[in-house]
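J.: Residue strings, one per chain:
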Amino acid sequence: MMRMQPYSEFLISPVPASVAPIAIELSEASVTFGRGPRAVPALSTTTLRIADGEFVALVGPSGCGKSTILRLVSGLVQPTSGVVIVGGREVAARALRVGMAFQNPTMLPWMTIERNIMLPLKIVEPFRSQFRKLRKSEFRDKANALLEQVGLKGFGNRYPWQLSGGMLQRANLCRALIHEPRMLLLDEPFGALDQFTREELWSILQDLWIAHKPTVLLVTHDLREAAFLGSRICVMSARPGRILDDSRVTFERPRTVAMTFEPDFVALNQKLRAFIEDARTASKDASAAHGAA
Amino acid sequence: MPELDYRQKAWSAGLIVLFFVAWELFCLMTGMSDLVLPRPSQVFVTLFEKFPILWPHILQTLATTMIGFVLGVGLGVVLGAVIGVSKTAYDTAYPLLVGFSSIPKVAVVPIFVLWFGSGTVPAVLTALSICFFPIVVNIATGLATTEPELEDVLKALGASKLDILWNVGLPRTMPFFFASLKVAISYAFVGAVLSETVASNRGIGNVMMTASSNFNVPLVFAGLFVLAGLGVALYVVFSAIEGRVTGWATRKNDMIAT
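Keeping their order, the protein sequence lines are chains A and B.
Numbering-wise (my numbering), the first sequence opens with residue 1 and increments by one.
Numbering-wise (my numbering), the second sequence opens with residue 294 and increments by one.
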């Protein structure tokens, strides 16, 4: 019989006021796509504060607006109402070093992996002004050092279509990291990978986070992943999403894959699972009631 | 598989030669008058004999075509980029362009002649006006169909619209662009020769016009062969450049050969 622990023992909820400066702040932000009768609410009014250097995992049923939050923070989507402040500025006027990785590796097919990874350096200051000068020396070395770190040594001069899905996703992670972002936005970056590759990349990402302490916002379906990587987990409800629960994960770092099979960890997973299960049934009931009415 | 490749090429070359041989035999067997359809051998002999006379005309046609083509490509790229990026430009310019491209260019040449006199300028303008359209359409299509995911990668980095156009839009459009270049170069020839035929005293078009009024049919065909040769040569040049620039888009067999 598995030893069950009360939730509060490893999760302290609600999140205490942090001393670190706020890196990401959504105040009463909501997103609706389209207008009039065809409007689709994607995100209910949401307030979320993430301190500098936090690793926040966003979990929830699919289609609940997790990715919408990421796209809000990255400035790809504008809030319909409310305000999104990232790095002390409103998102529209942002000149922040953000690293982003999507579920799709989205490598540009006409560039080698190395040049794909160097792409942020070509766009983001202060690297941008030095790009012409350093792209064949320092920047290339930087790209290759990252590639080596994720186990892709020597693949820099290949083209994206010559690599497998897992390899592309590793390269994708490199591209999100190369400009040393203070903020990493990861949208299910390991979703399409096999279990072993995924676990390997978890550890790589964790090491990178421990070393550089960027603010990370990770959207994931995988509860084990959220609990392994996150220092804080936000559970979202079904569409239109809102944050149901926001708690800290206090397992020691560096966490190992073996730890994910320990009772505490499993119990946390089950707790998260129950939350999402509830959210799913609630939304089903709601839509059923709506259909009956 | 280089061996197979060579064999295939040999086959194609053989079939092309066979085409001319069949033509020659057809003329010989039916006793066709060379006023109607000259034999290829006659055409080649005429081409060889008249080459010193033809040469300046070839240069003239080549020059007007290339000038018209280069200007047409420039105009086409700019218009295509504007139309591909802006929805408003797309809605206004597209109907105008389709309308303009539907006008037979023969009807436009007299207007150019009226404006600029006969000779080189109308030929260049005709070449330009006929060849820029496929470029506009292809550039605009390429830009308009760029996957938003690719653009998002740069947008999330705070890239400007120009950055995105330069780093994603245009490279992505290159295969479309080269496909349209190959069409446009033949169009430019058509335009230049058309204008020379109607209103010029120089160029291959004019030579053919004069030759046909003198019933020198082999010379007319020699002119056609020259045009075909020039067209093929330029096509090959652009294909070669295309292969180098957009090799990423035309991989098929080398996928496994990583």
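These are calculated hints, taken from the structure and not from any lab test.
Some clues are possibly wrong.
Claimed, not checked - Distance condition first, Cα-Cα at most 27 Å in a straight line; then the derived BS3-like pairs of lysine-lysine:
no., chain 1, residue 1, chain 2, residue 2
1, A, Lys213, A, Lys153
2, B, Lys454, A, Lys133
3, A, Lys122, A, Lys136
4, B, Lys475, B, Lys302
5, A, Lys122, A, Lys153
6, B, Lys380, B, Lys454
7, A, Lys153, A, Lys133
8, A, Lys122, B, Lys454
9, B, Lys454, A, Lys136
To be verified - Interface residues of chain B toward chain A, partial, derived using beta-carbon atoms under 10 Å:
no., residue
10, Gln335
11, Glu440
12, Glu442
13, Leu450
14, Ser453
15, Leu458
16, Met467
17, Val538
18, Thr539
19, Gly540
Said to hold, decoys possible - Simulated coverage check for chain A against chain B, where a stretch passes if three residues somewhere in it have a Cβ under 8 Å from a Cβ of chain B:
no., segment
20, 80 to 87
21, 122 to 133
No residue lacks a Cβ here, since even glycine has one placed at the ideal position from N, Cα and C.
J.: Each hint needs a verdict: does it hold in this structure or not?
T.: Evaluation of the provided hints:
For a cut-off of 27 Å, the pair hint linking lysine 213 of chain A to lysine 153 of chain A stands: about 24 Å separates their Cα positions. Our distance criterion of 27 Å between C-alpha atoms is met by lysine 454 of chain B and lysine 133 of chain A, whose separation comes to about 24 Å. Between the alpha carbons of lysine 122 of chain A and lysine 136 of chain A the distance comes to roughly 12 Å, so the proposed pair stays at or under 27 Å and holds. The straight-line distance between the Cα atoms of lysine 475 of chain B and lysine 302 of chain B is roughly 21 Å, inside the 27 Å bound, and the hint therefore holds.
Taken as a hint, the lysine 122 of chain A and lysine 153 of chain A pair is honoured in the structure, with Cα atoms around 22 Å apart against an allowance of 27 Å. Proximity of lysine 380 of chain B to lysine 454 of chain B is assessed by CA-CA distance (about 14 Å); at most 27 Å being required, the pair is judged to hold. Annotation: proposed proximity of lysine 153 of chain A to lysine 133 of chain A holds, straight-line Cα distance about 24 Å (limit 27 Å). As the CA atoms of lysine 122 of chain A and lysine 454 of chain B are separated by approximately 14 Å, the hinted pair is consistent with the 27 Å bound.
As the CA atoms of lysine 454 of chain B and lysine 136 of chain A are separated by approximately 26 Å, the hinted pair is consistent with the 27 Å bound. The beta carbon of glutamine 335 of chain B comes no nearer than 49 Å to any beta carbon in chain A, farther than 10 Å, and the hint placing it at the interface is violated. Because the closest C-beta pair between glutamate 440 of chain B and chain A is about 8 Å apart, less than 10 Å, the hint holds. The beta carbon of glutamate 442 of chain B comes within 5 Å of a beta carbon in chain A, closer than 10 Å, and the hint placing it at the interface holds.
At about 5 Å, the closest approach between the beta carbon of leucine 450 of chain B and any beta carbon in chain A falls short of 10 Å, and the interface hint on this residue holds. At its closest, the beta carbon of serine 453 of chain B sits 9 Å from a beta carbon of chain A; the interface hint therefore holds under the 10 Å criterion. Of the supplied interface hints, the one on leucine 458 of chain B is violated, with its beta-carbon coming no nearer than about 13 Å to a beta-carbon of chain A, more than 10 Å. Annotation: methionine 467 of chain B was flagged as interfacial toward chain A, and the flag holds, the nearest CB pair being 7 Å apart, inside 10 Å.
A distance limit of 10 Å between C-beta atoms decides the matter here; for valine 538 of chain B the minimum to chain A is near 9 Å, and the interface restraint holds. Restraint check, threonine 539 of chain B versus chain A: the minimum CB separation of about 7 Å is within 10 Å; hint holds. Taken as an interface hint, glycine 540 of chain B checks out: its beta carbon lies about 9 Å from the nearest beta carbon of chain A, inside 10 Å. Against chain B, the segment 80 to 87 of chain A contributes 0 residues with a C-beta closer than 8 Å to a partner C-beta. That does not satisfy the three-residue criterion, and the hint is violated.
Check on the segment 122 to 133 of chain A: 3 of its residues sit with their Cβ under 8 Å from a Cβ of chain B, so the three-residue criterion for coverage holds.
Checked against the numbered hints above, the structure breaks hints 10, 15 and 20 and satisfies the rest.
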